[in-house]
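So the protein sequences, as listed, match chains P and X.
Just so we're aligned, residue 30 is where the first sequence starts under my numbering, counting upward by one.
Just so we're aligned, residue 32 is where the second sequence starts under my numbering, counting upward by one.
Derived from the structure by calculation, the hints contain no laboratory data.
Don't take each hint at face value.
[Stated by the list, open to error] Between beta-carbon pairs, the in silico distance windows are: (1) P:102 - X:180: 54 to 60 Å; (2) X:48 - P:52: 39 to 45 Å; (3) P:52 - X:287: 48 to 54 Å; (4) X:46 - P:60: 52 to 58 Å; (5) X:188 - P:304: 55 to 61 Å; (6) P:139 - X:156: 31 to 37 Å.
Keep in mind the model is a prediction, meaning the values are calculated, not measured.
No residue lacks a Cβ here, since even glycine has one placed at the ideal position from N, Cα and C.
This is what each chain is made of:
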Amino acid sequence: MTDLADQPEAVQAAPVETPFRRFLSEFLESRIAAVAVCVLGLIIVLAVLAPWITPQNPYDLAQVDVLDGRLPPGSEAFAGYTMWLGSDGSGRDLYSAILYGLRISLSVGVASGIIALAIGMAIGLLAAYAGGRTENIIMRVVDLQLSFPAALVALMLVAILGKGIDKIILALVVAQWAYYARTVRGTALVERNKEYVEAAQCLGLSRLRIVFRHILPNCLAPLIVVGTVQTAHAISLEATLSFLGVGLPQTEPSLGVLIANGFEYMLSGRYWISVFPGLALLLTVVSINLVGDQLRDVLNPRLKK
Amino acid sequence: MSAVLEVSALRTHFFTHAGVIRAVDGADFKVRKGEVMGLVGESGSGKSITGFSILGLIDPPGRIVDGSIRFNGAEIANAPEPELQKLRGNRIAMIFQDPMMTLNPVLRIDTQMIEAILAHEDIPRQVAWERCREALGLVGIPSPEERLRAYPHQLSGGMRQRVAIATAFLNRPDLIIADEPTTALDVTIQAQIIHEAQKLTRQTGTAMIWITHDLAVVAGLADHISVMYAGRIVEQGTTDDVIDRPLHPYTVGLLGSVPSANKRGQRLYQIEGMTPNMLAMPKGCAFAPRCRAATPDCSTAPQITKVDGRRLRCHHPQALGAAT
Numbered sequence: 030m031t032d033l034a035d036q037p038e039a040v041q042a043a044p045v046e047t048p049f050r051r052f053l054s055e056f057l058e059s060r061i062a063a064v065a066v067c068v069l070g071l072i073i074v075l076a077v078l079a080p081w082i083t084p085q086n087p088y089d090l091a092q093v094d095v096l097d098g099r100l101p102p103g104s105e106a107f108a109g110y111t112m113w114l115g116s117d118g119s120g121r122d123l124y125s126a127i128l129y130g131l132r133i134s135l136s137v138g139v140a141s142g143i144i145a146l147a148i149g150m151a152i153g154l155l156a157a158y159a160g161g162r163t164e165n166i167i168m169r170v171v172d173l174q175l176s177f178p179a180a181l182v183a184l185m186l187v188a189i190l191g192k193g194i195d196k197i198i199l200a201l202v203v204a205q206w207a208y209y210a211r212t213v214r215g216t217a218l219v220e221r222n223k224e225y226v227e228a229a230q231c232l233g234l235s236r237l238r239i240v241f242r243h244i245l246p247n248c249l250a251p252l253i254v255v256g257t258v259q260t261a262h263a264i265s266l267e268a269t270l271s272f273l274g275v276g277l278p279q280t281e282p283s284l285g286v287l288i289a290n291g292f293e294y295m296l297s298g299r300y301w302i303s304v305f306p307g308l309a310l311l312l313t314v315v316s317i318n319l320v321g322d323q324l325r326d327v328l329n330p331r332l333k334k
Numbered sequence: 032m033s034a035v036l037e038v039s040a041l042r043t044h045f046f047t048h049a050g051v052i053r054a055v056d057g058a059d060f061k062v063r064k065g066e067v068m069g070l071v072g073e074s075g076s077g078k079s080i081t082g083f084s085i086l087g088l089i090d091p092p093g094r095i096v097d098g099s100i101r102f103n104g105a106e107i108a109n110a111p112e113p114e115l116q117k118l119r120g121n122r123i124a125m126i127f128q129d130p131m132m133t134l135n136p137v138l139r140i141d142t143q144m145i146e147a148i149l150a151h152e153d154i155p156r157q158v159a160w161e162r163c164r165e166a167l168g169l170v171g172i173p174s175p176e177e178r179l180r181a182y183p184h185q186l187s188g189g190m191r192q193r194v195a196i197a198t199a200f201l202n203r204p205d206l207i208i209a210d211e212p213t214t215a216l217d218v219t220i221q222a223q224i225i226h227e228a229q230k231l232t233r234q235t236g237t238a239m240i241w242i243t244h245d246l247a248v249v250a251g252l253a254d255h256i257s258v259m260y261a262g263r264i265v266e267q268g269t270t271d272d273v274i275d276r277p278l279h280p281y282t283v284g285l286l287g288s289v290p291s292a293n294k295r296g297q298r299l300y301q302i303e304g305m306t307p308n309m310l311a312m313p314k315g316c317a318f319a320p321r322c323r324a325a326t327p328d329c330s331t332a333p334q335i336t337k338v339d340g341r342r343l344r345c346h347h348p349q350a351l352g353a354a355t
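Excised from the complex, chain X in its bound form (with noise of 0.2 Å):
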């Protein structure tokens, strides 16, 4: 199946009165047709800036300075604002991570999902109506007709966040990028909320990538699973390879800081030290400072190959099983 996106070697820096921030420092990936890919990382490694560099919504002083981003075949990257405005919200949707925060306070429901579709349909407001109605529908709200004329703050956390998702997918569009969504929810609320995202994309196709730190989300909801460091992707591959044999050093402590019940009594494992300024990267390898596996060699920046089937950055690939 062909790409619906295919993302490469994308940098997107900002031009600050610091110093040049490289938020995306070449990133590669391809999501195809009802393909969940798992894009994961640390606060601040650059996830959420790749999701704005892909809808164009870069603010300056940031831009896109070098890479490709084709969508169905088309170079967006860069592309003028109106050929943008018409791809968000209608072939590319966007789901945020906290759902108190991304409706707007003073407008009913219907008010916003109709001018979701009205922006780019020209259709009457009832049949819109209708369409917003079944759309909370299929993500599980009941009455629809009711939570339609609510106001935001009538409705709880987990109901505005699939107030957010049947907006997304209201325009039935090819590609979702959800930044978090379940980070502001609780557990219960997270799992119904990966469910029906799942089943949306299962039953109408759109591919999506689901930004998360959280290696466990994505664990069981992705198909793959990119992980970000520092601005880089540093490992690609599908679900069960990463989650099952990591190779890269990084994945495998963050597969190491998930709590499990195998792990009980003991300390729970932590990637020593923080992630790096982004003003001042370590030469090299970006992790090379907070990694066990670093030797001389990485003082050289890595290049991507291709290991077992997957995409790696990194010097010293981890022997399998070597999860701490």
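This is chain P alone, in the form it adopts within the complex (with noise of 0.2 Å):
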């Protein structure tokens, strides 16, 4: 899997083995989770690609045409190329809709797990080097979010805040920084007792300096786990918002806001608008999911044979 021969420095002497060469090649041991990975690239270079790709633009009212509407796979559009995953009521064809869907289902779910994991992993560190009450404090504050569904707390700020790309980042962030602050802490005070921590203490270095130096990167296996299943998770719950109708609007067709426009037309036996929609969703978070759980197995130590 890894290749050391391109590597000039690595072929004299010892192999230069870097934690990350190792990781790569632990990971891609299992061909379930190597699958899930070229399929999460594919539909990651998809959404990238979708405006050189795609035949239609689906947020370009004139590219639309209400004559299309409700066509099953395989047909003819009005201007010509062939609509192979059908069309929606307003005559959107699906295969591009799906694809600049992907973009902001993906882009909401990935921004809001950096934005998240940077918070709750502030939060997090903060607790475990404070110690004493401050932790007690913070720690209770995540067991008290914790504590409600995180669709509950998203779909409550998304009713108030309204819609809106950013809104529901907020909505998701909000909804989701405790899980990475309670994951970051635990880890976090794990380490601090380990003697590396003491010898770091020992060359005199400062404890913002241990912290962020020594502590954070031995942290970030478990954080980088929970990121992943946080991610698809957040996409997920952002078609959920979508869906009911409190998140994206109708203008800007994220995948769950595709799903709901076909709902309707389930049972007259226009299945394609729903279903495919929901199967991209579907593939992404579940190749998300295989990813982040054989990162799981291969970064926690405990789980090694």
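Reassemble the complex: the two chains are provided individually, in unrelated frames, and hints are given to aid placement.
Structure, rendered in structure tokens:
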């Protein structure tokens, strides 16, 4: 899997086995995970390249023709191209709409994931670093937050804030930061008592430096795992909110909006409007979760054979 | 020569819910420039806590309750944290027991070593890197440039301990506290590490406290030996005196339990009983319950006395050559 030969440094003497390279080869040991990574990579590439590989821009009303509405998969559109996945009620080509929807779903998921991770990490580290009463207060707030279902928190927030990408990201961050905070704090507490921290103290390093340079990098493994799983969670949460009609507006259809649009046609046999975006969502979330599972297996020393 | 470190009547206690643990309860010793002092004792006798007390790294519920630690003439017991931080790794360095645990697994060797220099000196990274390479060369690491780029898991135990020693010597400290640095290594590597450490102290004039439970290790390395039992130093003198003519029954017992060729086939001597429970110390001499020479006198705590050129805490100094 890992090609050492293209690294001139690695060839001479002992192979320089960086932690990353070792991680990569261990990660790819699982077939399913390797496939999941490929699928996820493909989805991301498709989403990024959407404007260049789709026949229609579903946001541009000039390109959407109502006469194309509800065409079954494989029909020819008024503009001449083939709609391989059919079209929805307002004449959007589903293939194009799904790729554009993926863009929104992925970016909302990743953006909220990164922001929640940064906030949760800072708060969790602060708790572990400060200890005592500060830690108690922070962790009780985290517990309180975690006792509400994430969907409920997000739903309430979006209902208050209104529609729009920024608002939904904010809602997802609020719903998810606590998971990161708890993970970081737990790992940091374990790391703090390790001998290398004591050794770092004996070198005369400042406490802040020990926390950020020595403890934090050792907490990254569980954070990455939680991050992947939570990102998948954020994507499905966004789809849920959009499906319920409180997420993204009709003019910026994410996967959830597309599924909701097609829902009313399900009983009349026009399955494709809901099913194809649903499949895209399923594939995305499942592949992210599979990657997350394998990350957990590889990065958790307790699960090592 | 003046003493680099002078510890007197040091008491470090831990105030736990179950009671007060007197981990160090009256330790006195001096270490001079270029001198190695062996601090010997069983597990739990307070050797390591003595070391951490000197560095000011006693975490609550522990606290230095009494005594003084003078380092280069200045009092550092209970000194403010910023002051201690300036000393740590700079003037006083520490080497730990388990080299597998003391290097941060996710940072490269060069990152960790350079950091140790830059924490105390404002010099360009490149200069610091040069110094790290030089230091690794000094402790006998072949191709130091390559090792600097490595991660800790790529080095063997002996190699890592050499890195730890090189790191300790990086800032030319006045004192190094080595806490059982050879215990986790196999015997041939032990000998090499001891040799490197000895060579470096001679070359740089660094004073060293070598904490160990193994008298055989310090016999060839230390100039002075302090034997510690249950938080107190019970015998202290030059290495020759203590090894050849031990006076305290505990030292006699420790020496008797070192395996050697001329005792082949015999049952190895062992000191009976266990180290006392730190929460329920025996009154008087802490060693009395395990001591063969104990008499009713021992129910009063023996004070430090000067016997035969060394300091002793015992009512019944052993006759010369009484080793079992």
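Against the structure, the hints:
1. The supplied range of 54 to 60 Å is met by residue 102 of chain P and residue 180 of chain X, whose beta-carbon atoms lie about 56 Å from each other.
2. Distance hint check: the CB atoms of residue 48 of chain X and residue 52 of chain P are about 43 Å apart, consistent with the given range 39 to 45 Å.
3. Taking 48 to 54 Å as the suggested C-beta distance range, the pair residue 52 of chain P and residue 287 of chain X conforms, at roughly 52 Å.
4. About 57 Å separates the C-beta atoms of residue 46 of chain X and residue 60 of chain P, a value consistent with the hinted range of 52 to 58 Å.
5. About 59 Å separates the C-beta atoms of residue 188 of chain X and residue 304 of chain P, a value consistent with the hinted range of 55 to 61 Å.
6. One distance hint, 31 to 37 Å for the beta-carbon pair residue 139 of chain P and residue 156 of chain X, holds here, with the actual separation near 34 Å.
Going down the numbered hints, you'll see the structure goes against none, and every one checks out.
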